[in-house]
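**Student:** Residues per chain, in single letters:
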Amino acid sequence: MERRVKFVQPLLIRASHWFNAILLVGMIASGFQIFHAYAAFAERGSEFCCYPFAGKRFPEALRLGGWLAGGLKWHLFLMWGFVLNGLIWIGYLLGSGECHRRIFRPRDAGGAWRMALYYARLRRDKPPYEIYNGLQKLAYTGTLALGALAVATGFAIWKPVSLWPLVDLFGGYVWARYLHFLVVWAFLGFLAGHLFMTLVVDREATRSMIVGPYREKVEDA
Amino acid sequence: MPDRREFLRLAGLGAAAGLVAGCGWRGGPFEKVLRWWDKPNELLQKAVQPPRRHVRIEPPGTETEGGAFPMYYISDTPPVMDPETWRLEVGGMVERPLTLSLADLERMPRTTLRLRHYCIEGWTAVASWTGVRLAEIARAVGVDSRAEYVEFGSFDAGYSSSWDRESALHPQTLIAYGMNGAYLSAGHGAPARLYSNLKYGYKSVKYLTRVRFLAERTGGYWEDRGYDWYAGL
Numbered sequence: 001m002e003r004r005v006k007f008v009q010p011l012l013i014r015a016s017h018w019f020n021a022i023l024l025v026g027m028i029a030s031g032f033q034i035f036h037a038y039a040a041f042a043e044r045g046s047e048f049c050c051y052p053f054a055g056k057r058f059p060e061a062l063r064l065g066g067w068l069a070g071g072l073k074w075h076l077f078l079m080w081g082f083v084l085n086g087l088i089w090i091g092y093l094l095g096s097g098e099c100h101r102r103i104f105r106p107r108d109a110g111g112a113w114r115m116a117l118y119y120a121r122l123r124r125d126k127p128p129y130e131i132y133n134g135l136q137k138l139a140y141t142g143t144l145a146l147g148a149l150a151v152a153t154g155f156a157i158w159k160p161v162s163l164w165p166l167v168d169l170f171g172g173y174v175w176a177r178y179l180h181f182l183v184v185w186a187f188l189g190f191l192a193g194h195l196f197m198t199l200v201v202d203r204e205a206t207r208s209m210i211v212g213p214y215r216e217k218v219e220d221a
Numbered sequence: 001m002p003d004r005r006e007f008l009r010l011a012g013l014g015a016a017a018g019l020v021a022g023c024g025w026r027g028g029p030f031e032k033v034l035r036w037w038d039k040p041n042e043l044l045q046k047a048v049q050p051p052r053r054h055v056r057i058e059p060p061g062t063e064t065e066g067g068a069f070p071m072y073y074i075s076d077t078p079p080v081m082d083p084e085t086w087r088l089e090v091g092g093m094v095e096r097p098l099t100l101s102l103a104d105l106e107r108m109p110r111t112t113l114r115l116r117h118y119c120i121e122g123w124t125a126v127a128s129w130t131g132v133r134l135a136e137i138a139r140a141v142g143v144d145s146r147a148e149y150v151e152f153g154s155f156d157a158g159y160s161s162s163w164d165r166e167s168a169l170h171p172q173t174l175i176a177y178g179m180n181g182a183y184l185s186a187g188h189g190a191p192a193r194l195y196s197n198l199k200y201g202y203k204s205v206k207y208l209t210r211v212r213f214l215a216e217r218t219g220g221y222w223e224d225r226g227y228d229w230y231a232g233l
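Chains as they are written, first to last, in the numbering used here: chain A, 1 to 221; chain B, 1 to 233.
Don't take each hint at face value.
To be verified - With a cut-off of at most 27 Å between alpha-carbon atoms, the simulated DSSO-like pairs for lysine-lysine come out as follows:
{"no.": "1", "chain 1": "A", "residue 1": "159", "chain 2": "B", "residue 2": "32"}
{"no.": "2", "chain 1": "A", "residue 1": "159", "chain 2": "B", "residue 2": "46"}
{"no.": "3", "chain 1": "B", "residue 1": "32", "chain 2": "B", "residue 2": "46"}
{"no.": "4", "chain 1": "B", "residue 1": "39", "chain 2": "A", "residue 2": "159"}
Rather than coming from a laboratory, the hints here were simulated on the basis of the structure.
These numbers were taken from a predicted model, which means no experiment stands behind them.
Work the whole structure out from these sequences, hints included.
**Tutor:** Written as structure tokens, this is what we have:
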């Protein structure tokens, strides 16, 4: 079957994607190490409504840093890369005029719905789109929002006295810490879908994220 | 928490040195850069921490119930010293070194602050602390302007910590002898301790015996084992 190049992933996007993949693994593993020191959320002398797994810890193989001091050192080192990468991404989106092709906007909702119908085999023909379809835009924009939430809740629990208005915004220290933890699961949920889509459904996406060109199948060649 | 409890138990058995070498945090080939990275992190922390007064007082009645506020010390049992013979030595780069008794401290201007305590492990608790602002004592001894650091020593098996002068002289940093309206208990650092919520709990040295103003920063019990030196909140 013939293929033609539909678009090319720019080097900057490819580099920051793989940089981010490494950073995210490191941030989560060192985060599990930090969580290990107090695997609960309740304030001392109080109950916390919403976490039934208090006291359960992550196995050593999933933790980075050896103990709390090392976990913190890794976490507070990698965070610079994580924030920097996020800023590079935002700078690229603003500077390149690619926003409308990559960022989810309300007008993309219809496209996302049609794509969902297509994947559910309730629609025969694939809806047309430029780089990303509505579902992809939704997912990738969602990760940017998650990244921003991770950074904001992270700063709140790192500097809760100095940045107390930020802590209050999240409902106090306990909730800010819990949200920071939940963001991890949202990232892992995204990752499960992302790996399935790029390794099983659309392997060309993986290839383009490594070498650049995305080659689309030409149906009526 | 068992991690640190376990660590403390083993340290108490005199295995501290071997343990730090053996179970020290893993940085592998990155260890140097990770240690060095405390510097940019410290600059960021200082930039975020406003130097002026920003005490966040917790509402009345929010104090953590009796025994639920954890007690840490590195000795096997809470270190005890007769409050009558206990003295606090304030010295280093000062004009008039002082030796203060508990009665001396109680005669100085008294401050009570109800603060949320943040442990590096991730838990919090609330207590109200009564004592003297360290800034008050610093005025009494006349601190040299070149003394950028303050070292705090204790009678808890050599536990110590070192602070930057700005945080130490912040109006919410106390030499506390009271907690929740009573004198400090043995588990919470009697007769007197450093207390502030500008930094993580391990920086607030209990069983305090020595305050020294210095031109150079020194380490501390946990700092030497890998915890952050600045540890600002």
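**Student:** Now tell me, hint by hint, if it's right for this structure.
**Tutor:** Cross-check of the supplied hints:
1. Simply put, residue 159 of chain A and residue 32 of chain B have alpha-carbon atoms about 25 Å apart, close enough for the 27 Å limit, and the pair holds.
2. For the hint linking residue 159 of chain A to residue 46 of chain B, the alpha-carbon distance of about 11 Å falls within 27 Å, and the restraint holds.
3. Using a Cα cut-off of 27 Å, the hinted pair residue 32 of chain B and residue 46 of chain B holds, with the two alpha carbons roughly 22 Å apart.
4. This hinted pair checks out: residue 39 of chain B and residue 159 of chain A have alpha carbons roughly 17 Å apart, not beyond 27 Å.
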